[in-house]
Structure formats: structure tokens, C-alpha cells
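Protein chains in written order, with my numbering: chain A, 1256 to 1630; chain B, 4 to 133.
There may be inaccurate statements among the hints.
Within a straight-line C-alpha distance of at most 30 Å, the following computed DSBU-like cross-link-like pairs (lysine-lysine) qualify [claimed, not checked]:
1. A:LYS1560 - A:LYS1440
2. B:LYS49 - A:LYS1461
3. A:LYS1460 - B:LYS114
4. B:LYS42 - A:LYS1569
5. A:LYS1461 - B:LYS114
6. B:LYS42 - A:LYS1567
7. B:LYS49 - A:LYS1460
8. A:LYS1595 - B:LYS82
9. A:LYS1595 - B:LYS114
10. A:LYS1567 - A:LYS1461
11. A:LYS1569 - B:LYS99
12. B:LYS42 - A:LYS1461
13. A:LYS1569 - A:LYS1460
14. B:LYS99 - A:LYS1362
15. B:LYS125 - B:LYS82
16. A:LYS1362 - A:LYS1595
17. B:LYS42 - A:LYS1560
18. B:LYS49 - B:LYS99
19. B:LYS42 - A:LYS1362
20. B:LYS125 - B:LYS114
21. A:LYS1569 - B:LYS114
22. A:LYS1292 - A:LYS1440
23. A:LYS1362 - B:LYS49
24. A:LYS1461 - B:LYS99
25. A:LYS1362 - B:LYS114
26. B:LYS99 - A:LYS1567
27. B:LYS42 - A:LYS1460
28. A:LYS1595 - A:LYS1567
29. B:LYS99 - A:LYS1460
30. B:LYS125 - B:LYS99
Computed spacing ranges between beta-carbons, pair by pair [to be verified]:
31. A:GLU1446 - B:ALA31: 24 to 34 Å
32. A:ILE1505 - B:ALA21: 39 to 49 Å
33. B:LYS125 - A:LEU1284: 45 to 55 Å
Simulated from the structure, these hints should not be mistaken for laboratory data.
A quick note: this is a predicted structure, and the numbers were derived from the prediction, not measured.
Yeah, the Cβ is synthetic: ideal placement off N, Cα and C, and Gly gets one too.
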Amino acid sequence: MDLLWQFLQNTGYYLAGWENYLMLVVGCLFVWLAVGKEYEPLLLLPIGFGIIVGNVPFFKGFGLGIYEQGSVLSYLYFGVTKGIYPSIVFLGLGAMTDFSSLLARPKLMLLGAAAQMGIYFTLLGALGFGYLPKEAASIAIIGGADGPTSIFLTAKLAPHLIGPIAIAAYSYMALIPIIQPPIMKLLTTEEERRIRMPEPRQPGKKELLFFPVIGIILCCFLAPASIPLLGPFFFGNLMKESGVVDRLAITARTAIIDTATIFLGFTVGASTQGDVFLTPKSVGIFALGAVAFSIATASGVIFAKIMNLVSKEKINPLLGAAGVSAVPGSAREVHVMGLKADPNNYLLMHAMACNSSGVIGSAICAGILWSFNVG
Amino acid sequence: MFDFDAISSANGWSQALAGACIVVSGLALLSFIISQLHKFISLLEKKPVATLDTAPEDTGITLPSPFPTDPEALLSFYKSFSASLGDSFQLTDLYKRCGTYQIPHPHMTIKGFMENGLLLPKEEGVFSWR
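Chain B with its partners taken away, still in its complex shape:
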């Protein structure tokens, strides 16, 4: 039923091996090049290279462990690290602050806050906590 000779006579083994090697090496090379792309662009723009995995600054804020999943607990944590933004703030500032503190999934969380009325739009582009 299953004929190994048919594979050999059709050059199947070498086709499969060569094909697999070509696609893996091709995508690995592309992956390597795009991983260096931001450095190349920085070089073109003569800007200092931005490191991808910068160590978090000592901000005085520590992420609670386990990270809260309850909306109210999340809200109070968000309020605590965004207090210095003032009563009203722009979402971009809040996202930047989340990035600084390496808060997980800020986009989803902030969207959830807005959908649940915990983060309220005030005037154009400005929001405040409930």
C-alpha cells in the first residue's frame, strides 16, 4: 500500500529535505534582517539606537503580584500610578505611563475601563477617572 520506493524514485526525500531547509533558512534570514531593521533605520537617521528590551526605570511603583483582574482593584492601581497626570489627562499620556511601568495589556484594560464607565471622556481628547 505505502511504497517507500515510490518516494525515492520521485526524489521525494531530497525534495522534502531541501524544501524544508530552504523555507526555514529563508524565513530565519528575513527574521534576522527585520530584527536589525530598527538599528539600520536609526543609523540612517543618525539617532541613538533604541534598545528593545530596556530595563524598567526605578519608578517607585511595583506591580502587584498577582496582577489584579478585578475591575475595581485594577482601577485603584491605575489611579495610583497615574495620579501625577492630574484629574484630567490625555489617553496618550496614560498609555505612555503604562509603558514606563510595563503594565501588561494596557490597551485592553483601558478599553475595558471606558466600556464600563470607569474612565470617562470629558472634553475633546481628555479623560478622567470615575
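Excised from the complex, chain A in its bound form:
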């Protein structure tokens, strides 16, 4: 009888608290959003199921939990805490990014820079609300709308916040179709949304080959702390564009990035154990994350409008919203909104140019914030 009672005391039903149940609901919500609504399923499904797994209560000391030394989950989580998975994801991302449209119209890169302003406004906000400088920098990077970059920087500066920051970053990336359109609509007129972009020229093969080499030298000389992200990113792109290592490039943009995404999503989800995750700080992070994302979108759009004031060639200001590095969600949203204003206005390629420069911009910002807060 004692043995049975002891067993019952070790079951999840006995050990579960309200935090676990709440997080299980959140996990199920993520799974439903991924499967039922197809909102960023590649991210939300592993994270959602990870949340469910991470919130099954267990008897402490068995070496089961993600925060327990020697557990299987803790070894998988090692790739997150040491910033390994984000680097691998960037390798695959580079191997699948086509910079043609950016090379055809380099000034769109400025929109990728402008959209990073969300990061710095949020840095000020987080500091003002009492977060420590390293925590504030980690929260601010959510404004870059780049999950791997957010996880990378948080792992370096405030590892105790990886769970909430990763969940906030990925949630807002999945909610792009809900967050971005109202901001774009509010800041642009119907006439501006109808501005057509000229067909981009096709850059030569040598331009595409030179770009990753120039990019890595220029960006990493400026912010050396972004090497772990931009190094693999531009290397992946060079593999793709060189055409001489197709096997490697294909593996990087399929098997490697997929494997990293699975473990990244799953372990980040599993790190959200209710007792660790549900704190007032997490609530603040979610609120500041939403602000960061909105300011990033708005600053991109406003900067595009400013460029139109001084430039002869008009840019569709919707493209500014694609300056955040949520690839390809924000580019898709810009394209859809452009089509709503004019069914023959195809903005996708131009938006992808802004998107890819946003990826570079947010990685540089991560490097800058890391070097500002190191030590």
C-alpha cells in the first residue's frame, strides 16, 4: 500500500500545479495555431509540443528536467544555452537566401536598418521599467523579429530569460499577419500603397559571389560580436552562390537547418516550466516584445516615407515593414497588402530584399548589444 501511495505521489497528477496546467493550455494553443491555423507551423509546432513536454510535472532529482544536470533534455538544451543552434540556423538561412533583389536595388537595405530602431527604443523602455542592462538588451532584440538572434543574444547576456524571450519572439513572428497590417495601414495612404516598384535588374553571377565576402568583412569588422551569426550566414550564402558545393549547400538549407530548428524549438518550448516561466518579468517581456515589434514595423514604414521625400524614385512605403527580419512572413504580408491596394502590384521580391537586409541588421544589432554589455 505504501509503495502504491509513494508511486501516486510521484505522478504528474499529484505534482501538477496551476502553473503547469496554464502552460499546458499555452502549449496546446501553440499546437493548434500551428496545425489548425498554419501560423508558422515550423516554429510553433516544435515549441508548442516542447511546452507540453516541459510542463509535465516530475519528481525532482531523477535527472529528467531540462534544468537538471545530466538529463537528456539538458544536453539538447546545451545547443540553446551556448548559442550553437542559432549559428546553425543562420548557416541554413544563408544557404537559402537569394540576395538578387537586394543587389538589384541596394538602397532597400536602408529599410532593413531603419526597422532595427524598434530594438533601441525597446532597450530604453526595458531599462526605464527597471530591467537590468543585460536583461534589457536581451528583451530589446525581440524588436529584430528574429528568433535565433534573440536566443543567441539572450544566451550570452541573460540566460535565465531564454524561455520567455524565445517564446515572445517566436509568438510575435507567428502573429505577423495580425500585428503588422494595422500598423502598415495606419501609416500609409491608399495612394502610397499603390506605388509600383520597377522590375529589378538581374545581378550577375560575380556580384552574387562577391556579396557574401564583402558582407562578412564589412559587417563583422564593424561588429565582431556578430561573427557567430553572420559568419555561418554568409558562408551558407557563398556555398549556394558558388555553385561548386551544391551538395553542401543543399544539406545546409534542408537537413541541417531542419535538425537545428527541431531541437531549438523543442528545447526552448521545454524550457518554459511553469514555475520558472510564469513570473512578472515574463509578462513584462511579452508586453515589451509587442512594443518592440510594433515600433520596428512602424520605423521601417516611416523611414521609407522619409526616403520618398528626398528621393526621385519613389519606394512603396509598405516595404519598410519588411525591414524586420521575420523571413518570409513580413515580406509575404507586405506583398498581400500591396495586392489589396492594387491587384497587379507585386512587391514580394522587393520585400524579400528588405527582409534579408533585416536579417543582417538584427545580427549586427545583436553583436553591438553584446559588446556594449559584455563583462
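Got chain A; can you put chain B on it based on the hints?
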């Protein structure tokens, strides 16, 4: 609640300002360099520099205004400027012709023609209008 002193004591203002300036100037420099890249490559290859925004040649064809969106009207316009390609032509020639006349969104339009059976494949690599 919101403490401006906390921002100042953590060097927040200077971090934000310096960070923003660094990322904007870095990407602006990269943007400038890649905008000159094709010139540099042309120089390496000792070819004349291709200008990006060449003025359209006087081809005798004027783009209808407003540009047609109706598939049939688009088809007749495409037929008119591609007539000299002959009954059968390669898609690359058609794209080049679109480039010459600065036709907007040729890839999407030609794809639409093919999907709607207005541009028909004949033999390997050769197409003809319906």
C-alpha cells in the same frame, strides 16, 4: 513606474544612440558598396560599365495607359510587340523583348499566360501564342 534615471545610470541613451548610428551607417556603407559592385566587376573584366537605368530605346511601341489587366487585352498587346519573333519563339527572347519595352511584371504575366493556355508549348523550349 517608468524611471528615466534608470536609463541614464545604465548608459541607455548613449547605447541606443550609438547602436542605432552604427547599424544604420554599417548597412548604408554596405548598400553603397554593393551599388558600385557591378561597376567594379565590369572594371575587372574590362567591359564597358552597364548603366542600371538606361533610357528606353525609341522602339515605336508605347505602353498603353492604363496598362491592361484583362488577360485578352494583355495578350493582344504582348502579341503586338512580339510579332517580329515569328509564330514560334523561345521564352528567353520574349523576356528580352519585354525588357526592351520595359513591360511591367513580365514573369508573372507570362506565367499567367501559360497557366491559362494563352501561351502554348510547341516543341522543346519553343512556345507560340494561342
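Outcome of the hint check:
no., hint, in the structure
1, A:LYS1560 - A:LYS1440, "13 Å, holds"
2, B:LYS49 - A:LYS1461, "14 Å, holds"
3, A:LYS1460 - B:LYS114, "24 Å, holds"
4, B:LYS42 - A:LYS1569, "24 Å, holds"
5, A:LYS1461 - B:LYS114, "28 Å, holds"
6, B:LYS42 - A:LYS1567, "22 Å, holds"
7, B:LYS49 - A:LYS1460, "16 Å, holds"
8, A:LYS1595 - B:LYS82, "29 Å, holds"
9, A:LYS1595 - B:LYS114, "21 Å, holds"
10, A:LYS1567 - A:LYS1461, "29 Å, holds"
11, A:LYS1569 - B:LYS99, "25 Å, holds"
12, B:LYS42 - A:LYS1461, "11 Å, holds"
13, A:LYS1569 - A:LYS1460, "28 Å, holds"
14, B:LYS99 - A:LYS1362, "25 Å, holds"
15, B:LYS125 - B:LYS82, "17 Å, holds"
16, A:LYS1362 - A:LYS1595, "25 Å, holds"
17, B:LYS42 - A:LYS1560, "29 Å, holds"
18, B:LYS49 - B:LYS99, "24 Å, holds"
19, B:LYS42 - A:LYS1362, "16 Å, holds"
20, B:LYS125 - B:LYS114, "16 Å, holds"
21, A:LYS1569 - B:LYS114, "27 Å, holds"
22, A:LYS1292 - A:LYS1440, "23 Å, holds"
23, A:LYS1362 - B:LYS49, "26 Å, holds"
24, A:LYS1461 - B:LYS99, "21 Å, holds"
25, A:LYS1362 - B:LYS114, "29 Å, holds"
26, B:LYS99 - A:LYS1567, "27 Å, holds"
27, B:LYS42 - A:LYS1460, "14 Å, holds"
28, A:LYS1595 - A:LYS1567, "25 Å, holds"
29, B:LYS99 - A:LYS1460, "18 Å, holds"
30, B:LYS125 - B:LYS99, "20 Å, holds"
31, A:GLU1446 - B:ALA31: 24 to 34 Å, "28 Å, holds"
32, A:ILE1505 - B:ALA21: 39 to 49 Å, "40 Å, holds"
33, B:LYS125 - A:LEU1284: 45 to 55 Å, "54 Å, holds"
The structure fails none of the hints (numbered hints given earlier).
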